[in-house]
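A.B. asks: Sequence:
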Amino acid sequence: MFMSDSAVMEKTQTIRSQPELLAPAGDWEALRAAVANGADAVYFGLSNFNARHRATNFSLAELPEVMRYLHDRNVLGYIAFNTLIFSDELAEAAKSLEAIALAGADAVIVQDLGLARLIHLLAPDLPIHGSTQMTLTEHRGIEFVRRLGVSRAILARELSLDDIRRIAARTIMPLEVFVHGALCVAYSGQCLTSEALGGRSANRGQCAQACRLPYELIVDGVKRDLGDQAYLLSPQDLAAYDLIDPLLEIGVVSFKIEGRLKSPQYVAVASQTYRAAIDAAVAKSPYEITRHAKLDLSQTFSRGFTHGFLSGVNHQQLAPALFPKSRGVRIGTVVEKISQGVVVEIAAEHIGDDAIGLLLKPGDGLAFDEGHPEKDEQGGRIYGVRPRSERRAELTFGQGQIDNALLTLGCTVWKTDDPALRKRTEQSYNRDLTAKRRPIDFRLRGQFGGPLELLASHQTAAAPLVGTATWAGPIEPARRHSLTRELAREQLDRLGDTPFELGEVQLELPEGAMVPKSVLNELRRAAVAQLQSLCDAGRPKTIHPTALDQLRGEVALHNTRLPTPDSRLPAAAPALHVLVRNLDQLAAVLTWQPPAPLARPATVYCDFEDVRRYRQAVIQCHDAGQSVGLATMRILKPGEEGLLSQVAHVGADSVLIRNLAGLAYFQDRSPNTPRIGDFSLNIANELTADLFFGEGLARLTPSYDLNWDQLVGMLKRSAADRFEVVVHQHIPMFHMEHCVFAATLSTGKDWRDCGRPCDRHKVTLRDRVGAEFPLSADTGCRNTVYNSVAQSAAEYVSRMLALGVRHFRVELLHESAAEATKLLETYSRVISGQESGRNSWRQLQVLNQLGVTRGTLQKA
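Residue 798 is where the sequence shown starts when you use our numbering, and the numbers rise one by one after that.
Just so you know, the hints here were simulated from the structure itself, not pulled from any lab data.
All residues carry an ideal CB built from backbone N, CA and C; glycine is no exception.
Accuracy of the hints is not assured; some may be wrong.
[Claimed, not checked] Below are the EDC-like pairs computed for lysine to aspartate or glutamate, each with C-alpha atoms no more than 20 Å apart in a straight line:
1) K1314 to D1407
2) K1233 to D1333
3) K892 to D869
4) K1513 to D1025
5) K1233 to E1273
6) K1559 to D1381
7) K1338 to E817
8) K1233 to E817
9) K1158 to E1171
10) K1134 to E1167
11) K1546 to D1166
12) K1559 to D1506
13) K1122 to E1133
14) K1513 to D959
15) K1559 to D1333
16) K1020 to D1564
17) K1314 to E1273
18) K1158 to E1187
19) K1122 to E1171
20) K1559 to E1171
21) K1134 to E1171
22) K1158 to E1191
23) K1172 to E1616
[As the list claims (entries may be wrong)] Pairwise CB distance ranges (calculated):
24) Q1443 to V1132: 43 to 51 Å
25) P1083 to N1318: 40 to 48 Å
26) Q1006 to R1412: 21 to 29 Å
27) G1048 to A1384: 48 to 56 Å
28) G1293 to H1169: 52 to 60 Å
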């Protein structure tokens, strides 16, 4: 299942010696922009199985051409294959991966752990990069995927420099870090918002960007006036060009720019900026971004720039909540209206030499921000610019472009378009020049009277490649001019449009030998052509086309050997498990007396905001004769091991595992405690399920990304009685490091100075149609936004039972004791066959104030 330690070491150590600038590409133009402006590698998706489904992407058929283009210019190409893969898609995915490997891809970026397992067997020479969708936040999880064959970890964007330093100190895995671009408010791989609201899963590349919508803050049932703040979940963008040096010192090997949905101009400007920053860091020289470069970055795309989480948590800075989209460059404010235009006062951050000339020129596009970005804004192209002073300028527009009567003095002016910048960036890649060249060394050798041989060599990460060419000769003594090293360099340096540049030249010839220039030129062309052919061939392309069949055979064999997970229950007896989120709900469950023949819950899981209350919960459950399980947090970051320790040492009967770090911790520290894998492990196919069963998990919760047909596809190929299906819950939509409580109800930047408003207030977020989404905080101060409507699978229970499912879970959120016991009774009757799912569905519609939904189980 896992690679040997020696194989892991070999695979993870074949990395480039220099730090890598990794740029995005959504189409050919963006690809050329990245290459021409200094990217060492480019990542892009294909038509299927990538997390930017809305990008143009490339087709599988054109991939060989794309890879030739990149390799001819000494740039690596990584394929984003970073979605969850459903069981019925594995065969198609395997065929695509085979084609990707044969096309010469330098790596695939993967989210699905079962898919990583398949790739390792199918195409063992193809490197696997663990996507940020894997939610890699701590060294234990990184080591887990490293043993699975992953050769690079793309870290979660919620980590600080200190977090990354601590991870790097405890793993040999090469680390990749996002340094520029849009920030998701939720942890990648843990956002179920689009899936819950519209069946468009972010884990399937179909994010609907609900985080960029306006929300009202409802505090204790009352709308809180936040002034202009409406976009409470919309972070500013990341810009870490001034943090490259410390990241390089930590040992980060790849610096990643986000943006496969962005323009070629954005790709060009961002690549230029970070190329300069990386080169300066490597040369150990200070880097300070120029005013021009900073303006260019903002102009091509910006919601405002921050360090994100790299400089630590700052809830007051991450999401100002004023607008959700790129605005370009903030120019200043309108201070006067004039005929056909306005007078603008330049913002203080731009003051310097010729600020007006730097910012404004005829043809630029402007927009006037009245504080309502959801409405149409006035705007137009500048017709004329006349400075009034160092900080003020008259701007005129064409006839009818601006209605001054509708403008408000003091409104913000944004430059939304700069044609000169667009033309300049297009020129950077339209000429299609090779920006990166590989050094090659030449060696000329021979003796008088014999042939002349030229060797052209290039050192790769794996081994040197050598092209050779021979002239039959014979080599003769020079009558007038013998060949010198300087003359040889002059001829051998004529490398033209090849992807090479001249390195060292060695002469192993007798003194006074003569070699005609025409011979040297011919030998150079032949040797370089052979070397280029060897470089184009790339790494070995071993393919095992029966890999999927082999793995499925192993899964089937493992399924027949799995023990019954709970010896206290008859193998065929269905069991109800319930998750509670506070002590009141726990008391309600413990005092519930189910009418015969219904049984008490097999397990009560406690998922409390404060893990210090777990000890009390365990005592109460054991006093009542009730089996109790405790939930780990969904995220674990460096330094938070103590939170797992508190779960491990209070005597629970089982643990609900929600992340790879928790899995590794309990394997090591508490191996005899039964472990149940929760939904956040993203188990969507039988290969992933079998992987976790092999790690000793007693039961698994299927991914919430599965609809009914997809769930059936996995259950039919797995041990269905080892799955615990959640049949009632409020889907956890956003799970985020950003704390809305702290950002809106305090002036604190993190848990140390926020005053913990989460302890005192009940908060919901109200969307544009009036739906209210409950907000909660966990022990790590991370927030979860839950769906407003509960999801019920009552109608599917009988079909699950027929497939062999025997474990069903009901999850409570804010239900009262009476509501909780009613839910337990309803679902107990359904799973015991006392009542039909359809009748229960109708009862639940009445019981719940907002009704219930079939939610993610319905076909999209």
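A.B. asks: The structure should be examined with respect to each hint, and the outcome stated for every one.
C.D. replies: Structure-based check of all given hints:
1. K1314 to D1407: violated, 80 Å
2. K1233 to D1333: Distance ~16 Å between K1233 and D1333 Cα, so the pair holds.
3. K892 to D869: Violated, at roughly 26 Å.
4. K1513 to D1025: Roughly 52 Å separates the two Cα atoms, so the pair is violated.
5. K1233 to E1273: violated, 39 Å
6. K1559 to D1381: Satisfied, since the Cα-Cα distance of roughly 16 Å is no more than 20 Å.
7. K1338 to E817: Not OK: K1338 and E817 at ~24 Å, beyond 20 Å, violated.
8. K1233 to E817: holds, 12 Å
9. K1158 to E1171: Not OK: K1158 and E1171 at ~28 Å, beyond 20 Å, violated.
10. K1134 to E1167: holds, 15 Å
11. K1546 to D1166: violated, 28 Å
12. K1559 to D1506: Violated - the C-alpha atoms of D1506 and K1559 are around 37 Å apart, more than 20 Å.
13. K1122 to E1133: Outside the cut-off at roughly 27 Å; violated.
14. K1513 to D959: This hinted pair is violated, its Cα atoms lying about 45 Å apart.
15. K1559 to D1333: Violated, at roughly 61 Å.
16. K1020 to D1564: OK: K1020 and D1564 at ~12 Å, within 20 Å.
17. K1314 to E1273: holds, 14 Å
18. K1158 to E1187: The hint holds at about 15 Å.
19. K1122 to E1171: Roughly 10 Å between the alpha carbons, so the hint for K1122 and E1171 holds.
20. K1559 to E1171: The hint is violated at about 28 Å.
21. K1134 to E1171: violated, 24 Å
22. K1158 to E1191: Since the Cα atoms of K1158 and E1191 sit roughly 11 Å apart, the hinted pair holds (cutoff 20 Å).
23. K1172 to E1616: violated, 42 Å
24. Q1443 to V1132: 43 to 51 Å: violated, 58 Å
25. P1083 to N1318: 40 to 48 Å: Since the Cβ atoms of P1083 and N1318 sit about 44 Å apart, the hinted range of 40 to 48 Å holds.
26. Q1006 to R1412: 21 to 29 Å: violated, 41 Å
27. G1048 to A1384: 48 to 56 Å: holds, 50 Å
28. G1293 to H1169: 52 to 60 Å: For H1169 against G1293, whose Cβ atoms are near 57 Å apart, the range 52 to 60 Å holds.
In this structure, the earlier hints numbered 1, 3, 4, 5, 7, 9, 11, 12, 13, 14, 15, 20, 21, 23, 24, 26 are contradicted, and the remaining ones agree with it.
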